[in-house]
Amino acid sequence: MPADRLLPTTEAEDLLALTRELAREELAPLAAEYEEAERFPREQFRLLGKSGLLGLPYPERWGGGDVPYEVYLQVLEEIASAWMSVGVGLSVHTMSCFALAHHGTEAQRERWLPAMLGGDLLGAYALSESHAGSDAAALSTRARREGDAYLVTGAKAWITHGGQADFYTTMVRTSDDGGTGISCLLVDRDTPGLSAAPPERKMGLTASTTTQLLFDNARVDADRLLGEEGAGLRIALESLNSGRLGIAACSVGLAQAALDEAVAYAKQRTQFGSPIIEFQGVEFLLADMAAAVESARATYLEAARRRDRGLPFQRQASIAKLVATDAAMKVTTDAVQVLGGAGYTRDFPVERYMREAKVPQIFEGTNQIQRLVIARALRTA
Amino acid sequence: MTNIVVLVKQVPDTYSERKLSESDHTLDRESADAVIDEINERSVEEALKIKEAGEGEVTVLCVGPDRATDAIRKALSMGADKAIHVSDESLHGSDMLATAKVLAAAIGKVEGVDLVIAGNEASDGRGGAVPAMLAELLGLPQLTHVRQLTVEGGSVKADRETEEGITHLEANLPAIVSVTEKINEPRYPSFKGIMAAKKKPVETLTVADLGVDSGEVGLGNAWSTVLEASPKPPRTAGERVEDDGDGGTKVAEYLVAQKLI
Numbered sequence: 001m002p003a004d005r006l007l008p009t010t011e012a013e014d015l016l017a018l019t020r021e022l023a024r025e026e027l028a029p030l031a032a033e034y035e036e037a038e039r040f041p042r043e044q045f046r047l048l049g050k051s052g053l054l055g056l057p058y059p060e061r062w063g064g065g066d067v068p069y070e071v072y073l074q075v076l077e078e079i080a081s082a083w084m085s086v087g088v089g090l091s092v093h094t095m096s097c098f099a100l101a102h103h104g105t106e107a108q109r110e111r112w113l114p115a116m117l118g119g120d121l122l123g124a125y126a127l128s129e130s131h132a133g134s135d136a137a138a139l140s141t142r143a144r145r146e147g148d149a150y151l152v153t154g155a156k157a158w159i160t161h162g163g164q165a166d167f168y169t170t171m172v173r174t175s176d177d178g179g180t181g182i183s184c185l186l187v188d189r190d191t192p193g194l195s196a197a198p199p200e201r202k203m204g205l206t207a208s209t210t211t212q213l214l215f216d217n218a219r220v221d222a223d224r225l226l227g228e229e230g231a232g233l234r235i236a237l238e239s240l241n242s243g244r245l246g247i248a249a250c251s252v253g254l255a256q257a258a259l260d261e262a263v264a265y266a267k268q269r270t271q272f273g274s275p276i277i278e279f280q281g282v283e284f285l286l287a288d289m290a291a292a293v294e295s296a297r298a299t300y301l302e303a304a305r306r307r308d309r310g311l312p313f314q315r316q317a318s319i320a321k322l323v324a325t326d327a328a329m330k331v332t333t334d335a336v337q338v339l340g341g342a343g344y345t346r347d348f349p350v351e352r353y354m355r356e357a358k359v360p361q362i363f364e365g366t367n368q369i370q371r372l373v374i375a376r377a378l379r380t381a
Numbered sequence: 001m002t003n004i005v006v007l008v009k010q011v012p013d014t015y016s017e018r019k020l021s022e023s024d025h026t027l028d029r030e031s032a033d034a035v036i037d038e039i040n041e042r043s044v045e046e047a048l049k050i051k052e053a054g055e056g057e058v059t060v061l062c063v064g065p066d067r068a069t070d071a072i073r074k075a076l077s078m079g080a081d082k083a084i085h086v087s088d089e090s091l092h093g094s095d096m097l098a099t100a101k102v103l104a105a106a107i108g109k110v111e112g113v114d115l116v117i118a119g120n121e122a123s124d125g126r127g128g129a130v131p132a133m134l135a136e137l138l139g140l141p142q143l144t145h146v147r148q149l150t151v152e153g154g155s156v157k158a159d160r161e162t163e164e165g166i167t168h169l170e171a172n173l174p175a176i177v178s179v180t181e182k183i184n185e186p187r188y189p190s191f192k193g194i195m196a197a198k199k200k201p202v203e204t205l206t207v208a209d210l211g212v213d214s215g216e217v218g219l220g221n222a223w224s225t226v227l228e229a230s231p232k233p234p235r236t237a238g239e240r241v242e243d244d245g246d247g248g249t250k251v252a253e254y255l256v257a258q259k260l261i
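Which chain is which? The protein sequence lines are A and B, in order.
If you read the first sequence in full-length UniProt numbering, its first letter stands for residue 1, the second for the next number, and so on.
If you read the second sequence in full-length UniProt numbering, its first letter stands for residue 1, the second for the next number, and so on.
Straight-line Cα separation of at most 20 Å, DMTMM-like style, residue types lysine to aspartate or glutamate; simulated pairs:
#1 Lys199/B with Glu11/A
#2 Lys198/B with Glu60/A
#3 Lys192/B with Glu13/A
#4 Lys199/B with Glu13/A
#5 Lys200/B with Glu11/A
#6 Lys192/B with Asp120/A
#7 Lys199/B with Asp66/A
#8 Lys198/B with Glu13/A
#9 Lys198/B with Asp66/A
#10 Lys358/A with Glu36/A
#11 Lys192/B with Glu21/A
#12 Lys182/B with Glu25/A
#13 Lys50/A with Glu185/B
Please keep in mind that the hints were generated in silico from the structure rather than gathered at the bench.
Bound-form chain B, shown alone (with noise of 0.2 Å):
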């Protein structure tokens, strides 16, 4: 039997518009849709592919306001077997750091983890290192970017694929594990798995619950803060090349130009 935790992030919907707030420039939760974020869909497909070869338990843990329950119900509805969404005001904020120990106390409270699996980094934040501090936090193996899984017995192997090339690791479990893109193509929730998920525990926490220091989480407890931030400027138009039959002469003359051949 194989104990998953799944990190599951709600992020703004990437088909809309995603801002800053102004006021402290995190993210402006308001202005967009929520959605799983999709690498999470992934990391759910996962784990259940896992449980569905063999036994195991699905739990979905989540750090986010209260609505975000809406992200945990779409990975119950997927298959996943029960929750814990860790929900407090505190937390507003709060950097990679402080998000990882506060994941970190929650995986706590599973019982006999065997493995964690989160995506390789959010579509919102783009940081790409809690997996790597979480395995840090808890003194396990970090197993990241991985396209390919697979865990027998009591050890998982991961092809790890990263600019460099491609890593085959091998660990003990349990073990922290984060996937890529390349991973797997997640399920659609059945309407019968909308109608499950209704009935499946959520267990909601507070920081204070996790026994985690208010004062180590946070806007103000961050290690780094944003001064500024503006819009992305629009797009140029750009320089438009008839062709007259020498296009790609043109085209080439103007990369070269670039100094991009």
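Chain A with its partners taken away, still in its complex shape (with noise of 0.2 Å):
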């Protein structure tokens, strides 16, 4: 059953009704088979780019689509119930254009900002180490300011769409103060002494390529240093808040595949005379899924209204992202459950679904720093 949306125009309903289109045509029937293969699915990416959606919350100036988060969230959601590795690389590009539009000069953003939102291009966003997740100010990958460039050296960890992106939003340390000596480049996927590892061998998102991003003096022009020098980290978490809102949508939507998924089989499958809908420890377990995934939505779509309005949402984004990670785990493993034997066979899609909800309870800051970032605020208020 598709979710049921009160969206705010004419317009964004026309959105949603293209992007449930793409969604069922061009991505759903492809998903499973690609994720077995660990097949990067570029082309659906440029499809979803001639059609516009590359660039949605963005200015219209810079060839954004200009609409609030609020829909731009519930289309990810729809791509991601069709197929969560596209979901979370079309957030993941999202979040990686942050940085340029929300913090580059008015020149920088004319130069590449258009092209990046434009389709053709795919971003990533590079902030983790191997030694620096959760605590991001420990990263050491080392800017060296020579001449009129910076000579980079050191490897992120965990980069989506590594060696496919085409640009990458690297946060590199260019002094050694701590969180403040952290600076923000714009790096070209041509950047000579840049390289990607082999991809991660993932349990999830297997189509989606994990990399380790490799740095040999690699000199990037001094011109595309997105903010001031020290700026890094703040531009970094920054992006992460609206990045976080993207996860949320993702695993909403999920967690409504699973449930879909649950329900279609519950009422065709049969046992002791009835299909097992009809049973009440069937239809209860559907209903609480049917709950979790709904409060989840609403918990999203309220911290993207607050974004939208230019209202503080740092609280909020991580409530939802806690909330609808954690939701689409259990939707997920509830899922398996109501399929039985059938949902732990690759036959079906549902293990498949359980196996991709967990890395979003991982990354773009793990459940344990969203509740650190809810805690600080409470204990602030």
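Since each chain sits alone in its own frame, please combine them into the complex, following the hints.
The following block contains the structure:
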């Protein structure tokens, strides 16, 4: 059953209708095959780009769609519902444009942003390192200024679209001043000295390539510095506030897909002479799953509406990410339970959904970090 | 410059369950999601291709209730230039002939039409006769069941494909064309197209605006009446054949018994 949405305008309704059509016709039929083959869906991102979906929440003057987060996130949810790897990829791409759109100079934005939002290019966001995950301020990839360029050396970790992306919004260390010694560089894929390590062998999201990103004296022009030197960590965390909403929306999409699959199965699977959906043990499980999906959706939409009105939304974004990703883990696990033995096989998609639901509890700030953000807001209120 | 009118119909989504209303056996529009008929997306695509190859204007023409504006917007977001929406409660339950009369009158409102492109049949009624009726009413050549179309100067060339084979047709413009599913793969709208569609003109007309007599349209004036309707019976379980090395023989025996081979 498609999600019942309240959308602010007719254009938003048409955009969601287009998204559902693309998801149904172009994404859903390929998801299982590509995930199995660990094949990156580059052409599908191009199609989304051609349809104008790779720059939705950014201003029209740079080729964006100028849509509010309330609408963009529901587009994301529909895409993730058809194919989580593509939803997460779209969210990461959108986040990777944030630093330039919000902290670039006018000249920088005019030079790079239209192509980044235009649909042909795909972005990546490089903050984590193997020893700097939750403690992002500990990152050590070093950028040394030499003339009109930075020479970058080090290794970034867990990079979604590593080796596939056209640009990398990369946090590097420009001084030893801890969190204030970090700067943000917009790194082109063809930068000499930049390479991607072989893809990680992951539990889920196997069509989405995740690699280390290796910088070996990579020469990045100094005019690719976004914001001031030392502002990198602040920019990175600000990007993540919005990015977390994207992950919350993707997780709701994934949970909705699992719920739909479980309901469809429970209607046609017969035991003791009745469809199993007529047994209270099963229907209450499904009811709880629906309640989890819809409350998680309401939670991310509340945060999005605050963001759209220019109100603080950091706490709400962390709550949305925590609630939605935990909901997706529970709902996908319960979907496997509803399908029973069938759900545990790769002939049905729910075991994949369950594997895919795990990493949203980990990336873009672990759910423990989300609790830290929420608790800090309570303490200082 | 080719001035093209594309006929667009809003139909119940073939992905949803489609029903007739119990009271008058007309389509129960509330029971299913309403979408632009897929064959009409192909009609629009063909018109856009002709326009993009040279110069032209594409007008969408739709007869349907108020909510058919959704189907019209889809065609406009794909790239059509403007639209005419004939919406009138008296049209409820109109048969193909009445529909064709209304369409013919509405086409008359568009100045200098060169080409009318329709789908060969709608996925709900599946009558497939409206394009031919239109040609008759307007006194124009009809090229139906077209799988390939070329416009050159003042004429149109088409490959017509039916069960009998392929016929190569040529006619002078203006002409009526109906297309089959083989004609093209329709484009998706883009978000830019969706935003642009908002600003495109849509003229809404009633039966009276078109000068059509309301005594010629609607359920009460239809030439045929649906007396009874019942849902298709559910598919039966079928016969299961276990293959013990003689599966092929058993299948052949079954087909012979059914007089299929």
